[in-house]
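Protein chains in written order, with this note's numbering: chain A, 1 to 294; chain B, 295 to 588; chain C, 589 to 882; chain D, 883 to 1176.
No lab work stands behind these hints, which were simulated from the structure alone.
We put the beta carbon where it would ideally sit given N, CA and C, even for glycine.
Be a bit skeptical, because a hint or two may be false.
Ranges of calculated distance between the beta carbons of each label pair, as one might list FRET restraints [to be verified]:
| # | chain 1 | residue 1 | chain 2 | residue 2 | range |
| --- | --- | --- | --- | --- | --- |
| 1 | A | Ser-102 | C | Val-816 | 51 to 61 Å |
| 2 | C | Ala-653 | D | Leu-991 | 37 to 47 Å |
| 3 | D | Ile-1114 | C | Pro-710 | 29 to 39 Å |
| 4 | B | Phe-460 | C | Ala-672 | 30 to 40 Å |
| 5 | B | Leu-343 | A | Thr-17 | 46 to 56 Å |
| 6 | C | Arg-619 | B | Phe-460 | 44 to 54 Å |
| 7 | C | Arg-626 | B | Val-522 | 28 to 38 Å |
A short list of chain B residues far from chain D (calculated; beta carbon distances all over 12 Å) [unchecked claim]:
| # | residue |
| --- | --- |
| 8 | Asn-308 |
| 9 | Arg-318 |
| 10 | Thr-328 |
| 11 | Asp-335 |
| 12 | Val-337 |
| 13 | Ala-341 |
| 14 | Leu-343 |
| 15 | Ile-347 |
| 16 | Trp-370 |
| 17 | Leu-403 |
| 18 | Ser-412 |
| 19 | Lys-458 |
| 20 | Gly-505 |
| 21 | Leu-542 |
| 22 | Leu-574 |
Number of protein chains: 4
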Amino acid sequence: MKFQPRLFSDPQLNPATEDGWRRRWFDIIYRHDTPPSRNFDLVLVLAILASVIVIMLDSVQSFHARHAGVLYALEWAFTLLFTAEYVLRLATVRRPLRYAVSIWGIIDLLSILPTYLSVLVPGAQSLLVVRILRILRLFRILKLTQYVEESGQLVGALWRSRRKIFVFICAVLTLVVIFGALMYVVEGPEHGFTSIPTSMYWAIVTMATVGFGDIAPQTTAGRAITSVLILIGYSIIAVPTGIYTAELASSLREASHERGHLDRRGCPECGLEGHDPDALHCRHCGTRLPAPIG
Amino acid sequence: MKFQPRLFSDPQLNPATEDGWRRRWFDIIYRHDTPPSRNFDLVLVLAILASVIVIMLDSVQSFHARHAGVLYALEWAFTLLFTAEYVLRLATVRRPLRYAVSIWGIIDLLSILPTYLSVLVPGAQSLLVVRILRILRLFRILKLTQYVEESGQLVGALWRSRRKIFVFICAVLTLVVIFGALMYVVEGPEHGFTSIPTSMYWAIVTMATVGFGDIAPQTTAGRAITSVLILIGYSIIAVPTGIYTAELASSLREASHERGHLDRRGCPECGLEGHDPDALHCRHCGTRLPAPIG
Amino acid sequence: MKFQPRLFSDPQLNPATEDGWRRRWFDIIYRHDTPPSRNFDLVLVLAILASVIVIMLDSVQSFHARHAGVLYALEWAFTLLFTAEYVLRLATVRRPLRYAVSIWGIIDLLSILPTYLSVLVPGAQSLLVVRILRILRLFRILKLTQYVEESGQLVGALWRSRRKIFVFICAVLTLVVIFGALMYVVEGPEHGFTSIPTSMYWAIVTMATVGFGDIAPQTTAGRAITSVLILIGYSIIAVPTGIYTAELASSLREASHERGHLDRRGCPECGLEGHDPDALHCRHCGTRLPAPIG
Amino acid sequence: MKFQPRLFSDPQLNPATEDGWRRRWFDIIYRHDTPPSRNFDLVLVLAILASVIVIMLDSVQSFHARHAGVLYALEWAFTLLFTAEYVLRLATVRRPLRYAVSIWGIIDLLSILPTYLSVLVPGAQSLLVVRILRILRLFRILKLTQYVEESGQLVGALWRSRRKIFVFICAVLTLVVIFGALMYVVEGPEHGFTSIPTSMYWAIVTMATVGFGDIAPQTTAGRAITSVLILIGYSIIAVPTGIYTAELASSLREASHERGHLDRRGCPECGLEGHDPDALHCRHCGTRLPAPIG
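Just need the whole structure built from these sequences, with the hints factored in.
Next up, the structure:
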């Protein structure tokens, strides 16, 4: 059974009417294969990117000080634009509720809400960057290209190795709890290991070889335990890579196998299978083969 | 020969009696396939998780200051609960000593001892997090699901590559000793490399690409040596991944081979099985085989 | 279709004349298979390396203070040498413009310009290290050896996995934007997360397990989010390795397949080649094939 | 052609005489298959480990202060012991010079020289840790076990991928030079990038995801360049792993292939090859096969 990346395909939405402006807008918004809908998609992607950049610039102190007014106006402009698009989407679809509770509907809502919230709660507008998730629609625009197959392979291999990865994450978390508590006892609050959760944060940072250095062992015993933890993490980092690579390699092999040996004809004389798709005669007994089926 | 992850299977324990309350409790505690025993397992896992969370919260200064009394009471409650369970396990099994010295019996004991110890030695209760190891029983509860097969594959591949990993760890430790001493000579105590063991700790932290930065080279020669060490570590990190991936891929391939090419035809003359899918005659006695089924 | 690493092959350049000194110099500069041209290549590579080392030493304060005059003179000497070579290359080739706009022509120009610029803009000479790119010509000198095939395999596998890597980079950047904004909101400017771009820089540093530690989370919520980000990054680091390894393994397998199973028999009747090693009859016309040779 | 890890095999040394005490000592020192020689090997390995531990402890300030006399005595004792062994090795072998210039002879000499040197140059005794290299003799002791085959596979795969790794290291070093110079120009000495070599050290530390944090970018442009460098390094880390894994997987596959399909018999009737080693009849036409050859 092949994994179907449903996230990148539209939910089964139908136009609200068979005719009229709502039908026309439905085609523009939800389809991706006509010139007007392609232009709409392009404008949408550019607007999303521009809006995210505005939010980023707004968070830079020096930029905010000089251009606060412009940035504020742009933010509201983008929010109104996306609100209009959201309303239009609800209006043109036959079952608006189904769209509203779909994953894309929720993302669309989340990407306009914070601006309205910021009137009440200052600072909420930074959460607008959730808009960047809307960029994933890009994959739907590229639907006809090869990118979907590629990302389908990647996500599919992740999906098939999910149980192995779950087992692995459990093992890592168990190690993190044990080593976190051990370091809390050995190093203690005076060396930065102020509590078991803090020590667990340190253990994750260390095992994953990030190593910020904001907390670091200072006693000999602590350093010895750290060395052991690092060596374990170093050996264990191979496991997810191994899982994923083995899974991906086997799916690539199967894909090339399917392409290469799609011929299901058996020889009418000797029964041999596995002929080349362009073979006319059995390679063993020379009998004429039937025409390829697949 | 396939690796059997014995850790996740119960030791061969038998009930103390054939009948009575001890028999009933044995079934509840040691079996995992009846409704009462499933409920017992669920309660146990939740109690373990709750108890570990209590220990973690107790280590947070601000939390401890406000809720010291409640946390103290909860800790003793969980300890008494687990003590009761431990005694029950000993009482219902035919050979209590065999359970007591098994790996699970020792973990069960270690997860209650620190509370009693903490009366004498303050601070010992942090060691209670060893209780988290009891959560591994979870795997026994899930025994019938696919997780055991998956973790069996992962552990099996680790097990088959144990000799290669041992050789690799030896090579890493040799490099650590050499480079640690070299840096101790080159950088010296004034730059943080206070002793050879400290330098070795730094070498492990550096080779495994953790890089805390609490100790860092400051002379030109030290930095040049560090660059060489990093490049070696960078090339060498591929080795455990390579070992593990190759081993896992070959075991996955064999598994799919077994599934895919299991020709179920038996020879009508001598009964031999395991023929190639394209075989027309028995490879042992030469009798004509029937047409493949699958 | 096989990837051809065109970067390492000369553009199709022809000598300006059939005879005379320009023809002789063209052979020396652009060919790599005669003794004079080999000597020229060797001198060139040594001059490039020496010149880069001079630039490096010049940037070391203590060295610059003592030997400023010598280093200055050497820098101009190398620049004049490379300028002479550049003019010679333009003069001996039939279509100088084509060489000037080729990637090699641009690198050659960039590696002499900064010295002349430094008369106007002090400090520009550090950009001279772009000269190191000229060392890639080394690969052309080694053209006849096996290195080109090896690097061709490496680059080819990268090239075939470019779409998967693009999808992966997109996923990473989306995560970086989301987590960067989240940490900006949670930790805020007082803990070093001064703006969303700064937080994104931190998120990249953390996900890639570099972990400088110049910025590090200090609140409990920030550390929890960091732990999640690290675990995601830790699982995700497997993906590019998996992509690349699977691609490289499949290309190595194909290469060994081509070498191993190259059945060289042609059909005596229709001349078709490329039969399976165990084929007895031509798969096209059914004629009996001769016994395999290799 | 298979790679032979010659490092782990003794050079072709012959005893100095056919009889007498030198012959007896030669057997004890250079052979590994008689009880006395096994005891000698064991004592030697223990002495090496003990001597390395003494050197390590001696470098710890607090330990040195209290036990300086004992450690000094032990150090000289081990040095005299190893000197005696070195002289004995020279004396019992027929061609002492050949042993003296072999890699093992040089290591043996280097592991006693620093003690004598320390009389003249204080502090030289830290270099004694080179003694740890002698522990590699351990592999010769384990010669008859499977470890040699395992490390042979690991080293063999490294050896076959040496050209690819060389190409990779060249690419990394080119990137390091370019980005090092770029950061020197962008960040400058006031942010810790004091010279191009220092910047190159930083670039190596960053690309390999070590990230000490002793030097870190502080300008926006510097952080943007760092992000690019990290993303490149993150993608590139896959390359050595990919090279090594693919090579190791293909060598493991070949090894299992060799074991599985060693049967080179062809059917006398139809010529089919690739029979199971235990097959008595051709699986295609049922003709009796000749007895296996290999």
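**Message:** Does the beta carbon distance between Arg-626 (chain C) and Val-522 (chain B) stay inside 28 to 38 Å, or does it fall outside?
**Reply:** Holds - the Cβ-Cβ distance for Arg-626 (chain C) and Val-522 (chain B), about 31 Å, lies within 28 to 38 Å.
### Message
A cut-off of 12 Å on Cβ-Cβ distance, and Leu-542 (chain B) was said to be off the interface with chain D. Does that hold?
### Response
Violated, because the least Cβ-Cβ distance between Leu-542 (chain B) and chain D comes to about 10 Å, which does not exceed 12 Å.
Separation of Ser-412 (chain B) from chain D, once the least beta-carbon distance is taken, above 12 Å:
holds, 31 Å
### Query
Does the Cβ-Cβ separation between Ser-102 (chain A) and Val-816 (chain C) fall within 51 to 61 Å?
For Val-816 (chain C) against Ser-102 (chain A), whose Cβ atoms are near 25 Å apart, the range 51 to 61 Å is violated.
Would the non-interface assignment of Leu-403 (chain B) survive a Cβ cutoff of 12 Å against chain D? It holds; Leu-403 (chain B) is separated from chain D by about 34 Å at its closest Cβ, greater than 12 Å.
- Is it true that Phe-460 (chain B) and Ala-672 (chain C) lie within 30 to 40 Å of each other by Cβ? Cβ of Phe-460 (chain B) to Cβ of Ala-672 (chain C): about 59 Å, so the range 30 to 40 Å is violated.
### Message
Quick check: does the Cβ-Cβ distance between Ala-653 (chain C) and Leu-991 (chain D) fall within 37 to 47 Å?
### Response
Because 42 Å falls inside the window, the suggested range holds.
* Asked: Honestly, do Arg-619 (chain C) and Phe-460 (chain B) meet the 44 to 54 Å range at C-beta?
  -> This hint holds: roughly 53 Å between Cβ atoms.
Q.
The output says Asp-335 (chain B) does not contact chain D. Does that hold with a beta carbon cutoff of 12 Å?
A. Non-interface label stands for Asp-335 (chain B): nearest chain D Cβ at 40 Å, farther than 12 Å.
So Thr-328 (chain B) supposedly isn't at the interface. Is its beta-carbon more than 12 Å from every beta-carbon in chain D? holds, 44 Å
| query | How does the Cβ-Cβ distance of Leu-343 (chain B) and Thr-17 (chain A) compare with 46 to 56 Å: does it lie in that range? | reply | Holds - the Cβ-Cβ distance for Leu-343 (chain B) and Thr-17 (chain A), about 54 Å, lies within 46 to 56 Å.
Measuring Cβ to Cβ, find out whether Val-337 (chain B) lies farther than 12 Å from everything in chain D. Its Cβ never comes within 12 Å of chain D, the nearest being 44 Å, so this holds.
Checked against the numbered hints given earlier, this structure breaks hints 1, 4, 19, 20, 21, 22; the rest are met.
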